[in-house]
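Q: Sequence lines, in order, name chains A and B.
According to my numbering, the first sequence is numbered sequentially starting from 1.
According to my numbering, the second sequence is numbered sequentially starting from 1.
These are calculated hints, taken from the structure and not from any lab test.
Keep in mind that a hint or two might mislead.
Claimed, not checked - Straight-line alpha carbon distances no greater than 30 Å define the calculated DSS-like cross-link-like pairs of lysine-lysine that follow:
#1 K285/B to K63/A
#2 K188/A to K180/B
#3 K266/B to K201/A
#4 K194/A to K82/B
#5 K220/B to K49/B
#6 K194/A to K80/B
#7 K158/B to K63/A
#8 K179/A to K180/B
#9 K80/B to K149/A
#10 K195/B to K194/A
#11 K144/A to K36/B
Stated by the list, open to error - Label pairs and their in silico Cβ distance ranges:
#12 S166/A to D219/B: 23 to 29 Å
#13 E275/B to E40/A: 34 to 40 Å
#14 E90/A to G107/B: 57 to 63 Å
Predicted model, so just to flag it, every value in this text is computed and none were measured.
All C-beta atoms in this analysis are idealised placements derived from N, C-alpha and C, irrespective of residue type, glycine included.
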Amino acid sequence: MNSLDPRVNRLPAVGQPGQVEPRAPLDQFGTFEVFVQAKEGKPFQHEGIVHAPNLEMAFVLAKEAFTRRFTCVSLYVADTRHVYVSAMTEGNTAAWDFINTVADKPGEKISYEIYLLPKRGKQHQHAGTVKAATPEEAMSEAKKQFGSKMVYNVWVIRTSDIRFTSPEEKELWLTLPEKKFRDASDYKGGDKLKEFLERSKIQS
Amino acid sequence: MYGGGNTFEGIKTDSLAQEDPVKLAEFEARIDRGEKIEPTDWMPQLYRKQLIRMIEQHAHSEIIGALPEGTWITRAPGFKRKLSLMAKVQDEVGHAQLLYSAAETLGKSREQMIHDLITGKSKYSNIFNYPAFTWADSCFISWLVDAGAIVNQLANAKGSYGPYCRALDRICAEESFHLKYGHHCVIYLAAGTEKQRQMFQDAINRWWKPMMHFFGPSDKISAHTEVLMRWKVKMASNDDMRNQFLDMYVPKIWELGFTIPDPNLKKNPDTGRWEYTEPDWEEFKRVINGDGPCNKERLEVRRVAEERGRWVREALKKPGMAYVTPLA
Numbered sequence: 001m002n003s004l005d006p007r008v009n010r011l012p013a014v015g016q017p018g019q020v021e022p023r024a025p026l027d028q029f030g031t032f033e034v035f036v037q038a039k040e041g042k043p044f045q046h047e048g049i050v051h052a053p054n055l056e057m058a059f060v061l062a063k064e065a066f067t068r069r070f071t072c073v074s075l076y077v078a079d080t081r082h083v084y085v086s087a088m089t090e091g092n093t094a095a096w097d098f099i100n101t102v103a104d105k106p107g108e109k110i111s112y113e114i115y116l117l118p119k120r121g122k123q124h125q126h127a128g129t130v131k132a133a134t135p136e137e138a139m140s141e142a143k144k145q146f147g148s149k150m151v152y153n154v155w156v157i158r159t160s161d162i163r164f165t166s167p168e169e170k171e172l173w174l175t176l177p178e179k180k181f182r183d184a185s186d187y188k189g190g191d192k193l194k195e196f197l198e199r200s201k202i203q204s
Numbered sequence: 001m002y003g004g005g006n007t008f009e010g011i012k013t014d015s016l017a018q019e020d021p022v023k024l025a026e027f028e029a030r031i032d033r034g035e036k037i038e039p040t041d042w043m044p045q046l047y048r049k050q051l052i053r054m055i056e057q058h059a060h061s062e063i064i065g066a067l068p069e070g071t072w073i074t075r076a077p078g079f080k081r082k083l084s085l086m087a088k089v090q091d092e093v094g095h096a097q098l099l100y101s102a103a104e105t106l107g108k109s110r111e112q113m114i115h116d117l118i119t120g121k122s123k124y125s126n127i128f129n130y131p132a133f134t135w136a137d138s139c140f141i142s143w144l145v146d147a148g149a150i151v152n153q154l155a156n157a158k159g160s161y162g163p164y165c166r167a168l169d170r171i172c173a174e175e176s177f178h179l180k181y182g183h184h185c186v187i188y189l190a191a192g193t194e195k196q197r198q199m200f201q202d203a204i205n206r207w208w209k210p211m212m213h214f215f216g217p218s219d220k221i222s223a224h225t226e227v228l229m230r231w232k233v234k235m236a237s238n239d240d241m242r243n244q245f246l247d248m249y250v251p252k253i254w255e256l257g258f259t260i261p262d263p264n265l266k267k268n269p270d271t272g273r274w275e276y277t278e279p280d281w282e283e284f285k286r287v288i289n290g291d292g293p294c295n296k297e298r299l300e301v302r303r304v305a306e307e308r309g310r311w312v313r314e315a316l317k318k319p320g321m322a323y324v325t326p327l328a
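The task is simple: from the sequences and hints, build the whole structure.
A: Right, dumping it as structure tokens:
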């Protein structure tokens, strides 16, 4: 290739231009849902997804994709397939209306995290933790605990399926305020511009 | 942020004939009320198709747009400019990831989109088929191409599809630094030596034509988009966005003592609209269809990266791994 970019000129010859081996549909990494806590005391909020080969890489990629510049004190990720989702509703219909109340059964209970969508068009926020034997029971428990709130969608994730930020990892975000070159405030050109305009006026 | 001038497929008059009229009416009423459409909501096939196309083009524009600017990272003047440009290019690639995710919620997988990009099936912003010869070209992109994209994206952020709007909100919030950075670079060239000034003037002369193409074909000849405007997929007409860009940035370019290579460019005081030489839409079509100065290089760089990374992806693959459509 004859490029203006010396790095492009150094690219090795691989395959044929324009030819990419077609892949089987959906032959790709899975997706992981990313939740971010912007400040201490604020609830974790769903921010989006990353594609990753595993939970650990998803955590690293989520840090890069979602917390390069927005404030963050903690984040976590969970495999999209591990999120149990209620019906999506609208108007005056709450998502709770479609969640069955499950009778309390004996047996081992584990914890599940609950996420609610209080307004359509916004993002899911963490509401709390419940103990249940199955995801259905966790939905039902969520209804008991949070059912008085109007919500349009409910997500449930088994706590043990989540890759959390450890206390030591929290320092990942400590350097954020030092990176002034990422801030608009680091690019004040006003004085330079003013001086230039005054100089131009004198010359003309 | 680089998206702009999306091209839409021509819409056939019978394209809504198969849709359930009751559901269609509910869908349109929801949009009229200003509510967002979410991935699990019912939507007409045409809405889904055109949105995928638009968001995908935007995502491709972000990663392809990172190439002409990325070229200048190692040669940016000084450590500070290198850091800034590196952070900016990283942002743009991050924006592509957010946008691909939004498009995926509509049912097209990211790998399929990347495949369609590399094989030339789907398009990206035409402006990146032109080369960045000098540092000043990189400054032109950072300031004015980003400015153009912001005009486009601020409009689209008020659109009807929830995941796309949320991605754009994040993207727009990250953009303020890009625009300031670009303007800062240009002020320093403008206030510099005669050679620096000439360098930026040459960049304007080279980039003005693609910049006028940026917002897409004139409303007089562009595909019929009435239904897309009604559904809040397309939020402003190409000419309106072009006019808004000229209104905001031509005075700033003139203020720095540069000229714009269009003798007919002026604001009509009666209509409040800018008048300009009609851009060459035949050239626009020719370049977008593959015959521009850099089309081959841009796609080849992406293709080689994809091929060279293949073994890493293969090595990381595990049995039981499965892709499902993301949630929101």
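Q: Each of the hints needs a verdict: does it hold here or not?
A: Do the hints match the structure? See the list:
no.	hint	verdict
1	K285/B to K63/A	violated, 40 Å
2	K188/A to K180/B	holds, 8 Å
3	K266/B to K201/A	holds, 23 Å
4	K194/A to K82/B	holds, 25 Å
5	K220/B to K49/B	holds, 24 Å
6	K194/A to K80/B	holds, 22 Å
7	K158/B to K63/A	holds, 27 Å
8	K179/A to K180/B	holds, 16 Å
9	K80/B to K149/A	violated, 50 Å
10	K195/B to K194/A	holds, 21 Å
11	K144/A to K36/B	holds, 28 Å
12	S166/A to D219/B: 23 to 29 Å	violated, 55 Å
13	E275/B to E40/A: 34 to 40 Å	violated, 55 Å
14	E90/A to G107/B: 57 to 63 Å	violated, 21 Å
Going down the numbered hints, you'll see the structure goes against 1, 9, 12, 13 and 14, while the others check out.
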